[in-house]
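Chains as they are written, first to last, in the UniProt record's numbering: chain A, 1 to 314; chain B, 1 to 314; chain C, 1 to 314; chain D, 1 to 314.
Calculated directly from the structure, the hints in this document are not laboratory data. Treat the hints with care, since some could be wrong.
The list cannot tell twin chains apart, which means a pair is met if one copy fits it or any two copies do.
SDA-like mimics (lysine to any residue), calculated; alpha carbons at most 20 Å apart, straight line [as the list claims (entries may be wrong)]:
#, residue 1, residue 2
1, 13, 70
2, 201, 271
3, 201, 124
4, 13, 51
5, 13, 212
6, 13, 150
7, 201, 286
8, 201, 290
9, 55, 197
10, 201, 217
11, 13, 221
12, 55, 78
13, 201, 121
14, 201, 272
This structure is a prediction, so every number in the text was calculated from the model and none was measured.
4 protein chains.
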Amino acid sequence: MGLTVGVDIGGTKIAAGVVDEDGRIVVDDVRDTPATDPAALAATVGDLVDDLRRKRDIDAVGIGAAGFVDASRSTVLFAPNIDWADEPLAARVHELVGLRVVVENDANAAAWGEFRFGAGADVDDLLLVTVGTGIGAGIIHAGQLYRGGFGVAAEVGHLRMVPAGILCGCGQYGCWEQYGSGRALVREAGDRIRAGITAAKPLADLAGGDPDAVTGPMVTEAAQAGDPLSIDLIADAGSWVGQGLASLAAVLDPTTIAIGGGVAAASDLLMQPVQEAFVRHLSAGSSRPHAELRLATLGNEAGLVGAADLARIP
Amino acid sequence: MGLTVGVDIGGTKIAAGVVDEDGRIVVDDVRDTPATDPAALAATVGDLVDDLRRKRDIDAVGIGAAGFVDASRSTVLFAPNIDWADEPLAARVHELVGLRVVVENDANAAAWGEFRFGAGADVDDLLLVTVGTGIGAGIIHAGQLYRGGFGVAAEVGHLRMVPAGILCGCGQYGCWEQYGSGRALVREAGDRIRAGITAAKPLADLAGGDPDAVTGPMVTEAAQAGDPLSIDLIADAGSWVGQGLASLAAVLDPTTIAIGGGVAAASDLLMQPVQEAFVRHLSAGSSRPHAELRLATLGNEAGLVGAADLARIP
Amino acid sequence: MGLTVGVDIGGTKIAAGVVDEDGRIVVDDVRDTPATDPAALAATVGDLVDDLRRKRDIDAVGIGAAGFVDASRSTVLFAPNIDWADEPLAARVHELVGLRVVVENDANAAAWGEFRFGAGADVDDLLLVTVGTGIGAGIIHAGQLYRGGFGVAAEVGHLRMVPAGILCGCGQYGCWEQYGSGRALVREAGDRIRAGITAAKPLADLAGGDPDAVTGPMVTEAAQAGDPLSIDLIADAGSWVGQGLASLAAVLDPTTIAIGGGVAAASDLLMQPVQEAFVRHLSAGSSRPHAELRLATLGNEAGLVGAADLARIP
Amino acid sequence: MGLTVGVDIGGTKIAAGVVDEDGRIVVDDVRDTPATDPAALAATVGDLVDDLRRKRDIDAVGIGAAGFVDASRSTVLFAPNIDWADEPLAARVHELVGLRVVVENDANAAAWGEFRFGAGADVDDLLLVTVGTGIGAGIIHAGQLYRGGFGVAAEVGHLRMVPAGILCGCGQYGCWEQYGSGRALVREAGDRIRAGITAAKPLADLAGGDPDAVTGPMVTEAAQAGDPLSIDLIADAGSWVGQGLASLAAVLDPTTIAIGGGVAAASDLLMQPVQEAFVRHLSAGSSRPHAELRLATLGNEAGLVGAADLARIP
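Here chain A stands alone, though its shape is the one from the complex:
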């Protein structure tokens, strides 16, 4: 197969690009997401594909979307940020563009992208964990994407880390992404500003004195400028990330783990605590092989590139 189009549907933007067999984006484009209108959203994807195919011949379309995608890679069962419910996305877009269309969970698509062309290009299995506002993941095992029985595997951000812990948007308590993510950085920073802790002064200043105005990038920025509290907060989040990876290693036994996502990208201060907590918390760590931790290499393009490549697989 020759060129394919990868589409990455986010809550605010839809990115699409023509991708070649080596994972290179030949040409690309971006539109706003009509998040509350599934028909308009499908039409926007159709327009993007039509525009791109005027520039290059393409053979198929791969779409990555945040949400639960069914095992047939056609329907989005549920999405946190878009008004989809059992949305027949592949069929809708296929009707518009007349090409084969496959839909994949966005983290799965990104994991596939990293596995084929990025941090995992030299290995046979890969666990990609993205640390952004929340925590997502995709699992590649024995050269294949592990999709799960219903198609909704690798929702690792909802591994429970703390019994009866912090309430998560998923309705449960103590989920991993409440502790080792950008959301955790923001909450912990805000709590310290509210408590009036002296060390929180630099963060409070960045946030204009408003504990609710702190953002993840503020914390990483302050940490890179040397703010001790921000460095500590990132180390704490990194420690939680590493602890969760140790649990995942017991279950999934990857040889290689790539860490991606906004928090990892923004700060070289995250990986050291991740690495140390991971090794420290490995079950039977002295008797088993250790997975290698790496930074992901494709950045934001991983999902688009991965989706395009998945469209090549029958």
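With chain A held as given, fit chains B, C and D onto it using these hints.
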């Protein structure tokens, strides 16, 4: 391929049997395990196989063993109850019997047995979780055994449930099998007897007044006789099992989960609390398909039958 | 001193009564609480006192109020349900009625009432713990009320039970009253109804199918009617209560602990799990004397009676 | 009353000294502790007192001892490091020396010493928390020692911090002193050396490569020399200390908290994390007065001086 031999190496006994293509044990035998002498152990396996092949023609040997087995299904990297270290078990036995020999982790073998001939015979994926003294598991995904990158996947008993929790034999703290297993039943019962709680009188009597003499079977026996504390302890363990399964479902997304092992077998009182805690703790439970929970059906034979069948796979 | 008036200021009602030296309420009255208008609230208290003193001669006024009361027993620093901020309540009421007025935290007043005339009338020290929507307490040590250095001791509902646990209204995470209180019953019941657990059907029916409509009394009612899930939920809450009491015993070493509040009053199902968890979790339990657990005996009147009696103490 | 003798009975040494009314040690002496022979131990105390009274006239003897002391300040109910069981220590020593003898828990004695002559000399209430191998405390409220109903209050090291957490020597799980003490430093350091974490190399070198040979002083020494991991470990322990203090503040409401003990003494790196975690975890922290945290000032002499002074109180 016709008949194969399955071998199940436990800490005290080695069971072996000739198994047909439908998973039926045609003839079998058992010996004591020479746990401290790897050469003698391999010789015992060789003897068992030689005795069995005098009765039937066999094509290959599959061995299930508790421990970390490498990805080539030949070497036991580490075992908790047998003095193996990087033990070339497949080669040793092959040298003795001249047949193809594959080695597999015992929980993986049991999962494969249940998948092919037991609780999972009608489905395409299966998570088998065994609740005995500890907690073990095997993962079948898309019709294939998920072995992990190094071959040591599915050590789910070491999923961390409680940060800085109870010390586990694996060197870590708060592992699942410290809370939802026979070991937990024994510890919690003993603690209550030591505390002199009135409700612990029936268990104390069963244990001859010695809190250290309580066993898992005592607790299940007392529970089945209606002892309220024992029923509660099994319900607590079951709740922990269900909570862990909910975390596993987020990561692995099985459609079917079979529960095996001694605690599950001994008591019909375990499954109800498991089921309720599982549903109660599922992330985004109202937006995702739910796995079906079942009892495993092959009992102790699952490992032997599964190992025999895995020997058919090249 | 002869008769005094006790006043109990709640978020919706103000109760007042003339109390004799034996803790008997001679005559009493009740008004609505003008919770958003401190001046009107003081005026209402003044009116109540004036009405009562027309019926009997009184010597002083004791007021119990939910909130932080300063060490001089005059000013309410902060109250969760009434718009008070550094409210000079004693001075305001004194100005209106011309009698000596003392203000006390409502749980402290209730503990004093139980100590003098109720569950603790026969002992020299008492820890009263009230299990209602939240958890409150008052400490009597060596015959005296333990008020703390700032006057705000015994906020035991905010003992942290779970690190990084459930968010509490106090701004912290994992507070005791999130686990062992009426609030916990309501949350846990609602979560189970939302999860669609079969056993939650009776509670769902009581709540008209709406998980947000469950109340604590519904759960206790269902439990008393034999609903297994409700019995379990109360046992869970009771276990948390007992676990917290064990921590308090390590710190405070009471000889007698009285349990009061709406949840304890409503259900005889709470005390057994409280008792067992308390004994089970006592540090060095076999080497130290155990506090005796009792039900409080004065019910809602404890605060009013205790406040009246505290007004006798210079 | 004029001079009194204070005696501090530790597991290996007994220190005794003549103390004046200003808390000054006039003359002192020390002997080995015959820990397994209660009669010999009492005789040793008697000898020490006899030697000291030859040098000065004394009026009474105060003894501080690690263990549960009964409410009459005479009998040691239980001691972790000395073979005492319901030991009538005051009577035994009185028989030998003919003076009034009072016995007090050693942490209570130290708190009284700090309250009268040290960190709390200027305040009316004091919570002394000692962070050594474990965590101990003494409570002074309204100018008086808070002894508890049975005489065994302030065992704050056994406040539970983590449900189902690390096993403590007291038979319970998750006690504070498993997380915020010298014992925690040693365990965490050892775990990291065992895990082979790069950052643990300096500590491993100090311990001669043996994870079981790490001591608390090694960690504080390495931290003061700038070792990043040791600084982190002390910060983690300090954070746990601060979190526990926040729970204690909710219950006890001290205006002043003094931190003593070996870990606090050895490292100025502990107090900053203690302070920040304390403020960060205070319930309703923005609505209530905050206790002031201070370092204790009397060091090892606090217990001896406090015991001597308590002997003055009838």
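Checklist entry - Going back to the hint list, which numbers does this structure go against? => result Hints 1, 3, 5, 6, 9, 11, 12, 13 are the ones this structure does not satisfy, whereas the remaining hints hold.
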